[in-house]
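Read top to bottom, the protein sequences are chains A and B.
Everything in the first sequence is counted per the working numbering, starting at 2 for the first residue and increasing by one.
Everything in the second sequence is counted per the working numbering, starting at 369 for the first residue and increasing by one.
It is worth saying that the hints were derived from the structure and are not from the lab.
It should be emphasised that the depicted structure is a prediction, and the values quoted were computed from it without experimental measurement.
Glycine residues also receive a C-beta, built at the ideal position from the N, C-alpha and C atoms.
Keep in mind that the hints are not guaranteed to be accurate.
Mimicking EDC-like on lysine to aspartate or glutamate, the simulated pairs with C-alpha atoms at most 16 Å apart in a straight line are [as the list claims (entries may be wrong)]:
hint, chain 1, residue 1, chain 2, residue 2
1, B, K599, B, D583
2, B, K570, B, D540
3, A, K192, B, D555
4, A, K192, B, D420
5, A, K259, A, D74
6, B, K570, B, D583
If you only want the chain A side, here are some residues facing chain B, beta carbon under 8 Å, derived [what the hints assert, rightly or not]:
hint, residue
7, Y128
8, W129
9, R191
10, L193
11, E195
12, V196
13, R201
14, P214
15, I273
16, K275
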Amino acid sequence: MRPIDGVARGHADATWSIPMSLVRMLVETEAPAADLAQPVDAFAGVRRFALGLLIPLALALAWEAAVRAGLTDGRLVPPPSRIYETFVGLAASGELPRHAAATILRVALGFGLGVAAGTLAGAVAGYWALARVLMDPTLQALRAIPSIAWVPLFILWLGIFEESKIALIAVGVFFPVYLGVMGAILAVDRKLVEVGRVFRLGGPAMIRRILLPAVLPAYVVALRSGLGLGWMFVVAAEFMGASEGLGYLLIDGQQLGKPAQIVAAIIAFAVIGKATDWILTAATTPFLRWQDAFGQAETP
Amino acid sequence: MLAIESVSRTYPGGVHALERVSIAVAAGEIVAVVGGSGCGKSTLLRLVCGLDRPSAGRVLLDGGVVTGPHEKIGIVFQEPRLLPWLTVAGNVEFGLDGRPRAERAGRAKVQLARVGLADKASAWPRQLSGGQAQRAAIARALVTRPQVLLLDEPFSALDAFTRIDLQDHLLDLWADLTPTLLLVTHDVDEAIVLADRIVVMKPRPGRVHEEIAIDLPRPRDRQSAAFDFAKRRVLCALDRSLARPGVDREAAAEAGAALWW
Ligand SMILES: Nc1ncnc2c1ncn2[C@@H]1O[C@H](COP(=O)(O)OP(=O)(O)OP(=O)(O)O)[C@@H](O)[C@H]1O
Ligand SMILES: [Mg+2]
Chain A
2 MRPIDGVARG
12 HADATWSIPM
22 SLVRMLVETE
32 APAADLAQPV
42 DAFAGVRRFA
52 LGLLIPLALA
62 LAWEAAVRAG
72 LTDGRLVPPP
82 SRIYETFVGL
92 AASGELPRHA
102 AATILRVALG
112 FGLGVAAGTL
122 AGAVAGYWAL
132 ARVLMDPTLQ
142 ALRAIPSIAW
152 VPLFILWLGI
162 FEESKIALIA
172 VGVFFPVYLG
182 VMGAILAVDR
192 KLVEVGRVFR
202 LGGPAMIRRI
212 LLPAVLPAYV
222 VALRSGLGLG
232 WMFVVAAEFM
242 GASEGLGYLL
252 IDGQQLGKPA
262 QIVAAIIAFA
272 VIGKATDWIL
282 TAATTPFLRW
292 QDAFGQAETP
Chain B
369 MLAIESVSRT
379 YPGGVHALER
389 VSIAVAAGEI
399 VAVVGGSGCG
409 KSTLLRLVCG
419 LDRPSAGRVL
429 LDGGVVTGPH
439 EKIGIVFQEP
449 RLLPWLTVAG
459 NVEFGLDGRP
469 RAERAGRAKV
479 QLARVGLADK
489 ASAWPRQLSG
499 GQAQRAAIAR
509 ALVTRPQVLL
519 LDEPFSALDA
529 FTRIDLQDHL
539 LDLWADLTPT
549 LLLVTHDVDE
559 AIVLADRIVV
569 MKPRPGRVHE
579 EIAIDLPRPR
589 DRQSAAFDFA
599 KRRVLCALDR
609 SLARPGVDRE
619 AAAEAGAALW
629 W
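Build the full structure now, drawing on both the sequences and the hints.
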């Protein structure tokens, strides 16, 4: 699976990876006229995107109209205009930036720790068979535990403040990164390793010049899924009891009966999560220019 | 001089790939190895370049035993095996690590020009055609000026025109530095165009069946009767190596010999 952002721009969520064969299949079934395949398919993509938006937009407009017409008070399900007002109000008062900053900081710390530990463990287990035999069964067993189940222990060990939250996020990030790095190292093409051997590269040079570049694409994918899990776990962590953070806004909205605030916080989560994923992708693409991937097909 | 001395190789799992193979190759000589599929040709090259160790016997280069990858032995694999994350020039420079940057770039440039890829220096490997990629792989192996160059079916994936082109090209490059060439091929024409000597192997386990000296003057004319005659001899030896009756070809070879001599 490879990210195909460049091509799938028209799809609802361009960050998902789609197997190339599947895309091919769609292209072929959509556009039987071979020479017209590209433009026709691009247009079909945009149209499909627009069609996908149709129902949510219609529902939102209908709900707005229903509230305006007084058919319902929209107390539990606020209409779009009220959500927008709440969002703008929170942003203007500085509340939203403050909570968002707290959440981003937690994700950044947890993500950093999880990535560091996952990369190290994955690299050791991938490179060194003995370490893999010793370590991997334990880690796989730990992975089978739903991470939220750690919460009580983390609170006992680390207290209810930042440490336990960051630990929970780090655990969530750790596993996809660990698995991704280990799998990528194990999957490095033996034939390319032999090229390194023929030119008599030593251990460090082999790692730097063959293994690192070879695992980089899979590593980026692992980082992205780690980041996604980091955003998921920060919500759980902030439900554990926090005085600030977007998760706190959610809980606060629930306890004080402010559904518009809940939806505004959800929207903030979606936007920031998507933005960090985009930053990660953008920061790593310069290193992946060489890839012979479907997504690169259009770039000159 | 490269000496392969009664080398055997049994793979873990018990496949007996080579059995007491001995080949001596003089410095600057071109030797082609032909033989049926699975008779251990690739295995032989892997042993010579030190990627694998023989189960018995040894490989000597100028009297020293080859125990691992050797700086004077280069190899071109059956596939180009270019590193996809390096540009073509970066790939060619790959074996020059540790030398000054300017020297690396200069030598890579010269070598790329020699294989006719000067304009592709900054391209990615994915942007090359099959033949161009194979040429880049040859440039990468040649840039370190190896004393011995091993080639494992280097042109087998290419079309006939490109292949003939690259064969001539290889001879030009060889005339330059006269490395020892040990070339595995499935293409009898290719073996005869290039080689001073052809080693025919036979399978299960892989052994040397016959050695045929080709002493035609270079450049060799693919259309000449002498070329045809050599070809029949090799084909005939191949038939025998696979224990197939090759009587008619042998007779033809005899007739050809009569014509020629
Ligand atoms: N890594 C390996 N492990 C076990 N057996 C192997 C391995 N590599 C090759 N063999 C076996 O060794 C024998 C010789 O293989 P080799 O690749 O040297 O043949 P070859 O002469 O190069 O064939 P081809 O012309 O098809 O390339 C074959 O029977 C093959 O099955
Ligand atoms: Mg082979």
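Verification of the hints:
1. B/K599 - B/D583: Judged against 16 Å, a Cα distance of about 13 Å means the pair holds.
2. B/K570 - B/D540: 31 Å, violated
3. A/K192 - B/D555: 24 Å, violated
4. A/K192 - B/D420: It holds: about 13 Å lies between the C-alpha atoms, which stays within 16 Å.
5. A/K259 - A/D74: Given that 16 Å is the threshold and the Cα spacing comes to 14 Å, the pair holds.
6. B/K570 - B/D583: 23 Å, violated
7. Y128: 19 Å, violated
8. W129: 21 Å, violated
9. R191: A/R191 check fails; min Cβ-Cβ to chain B is 10 Å, beyond 8 Å.
10. L193: The hint holds - A/L193 has a Cβ within 8 Å of chain B, the shortest such distance being about 6 Å.
11. E195: 6 Å, holds
12. V196: Holds, about 5 Å.
13. R201: Result: holds, 5 Å to nearest chain B Cβ.
14. P214: 4 Å, holds
15. I273: 32 Å, violated
16. K275: 28 Å, violated
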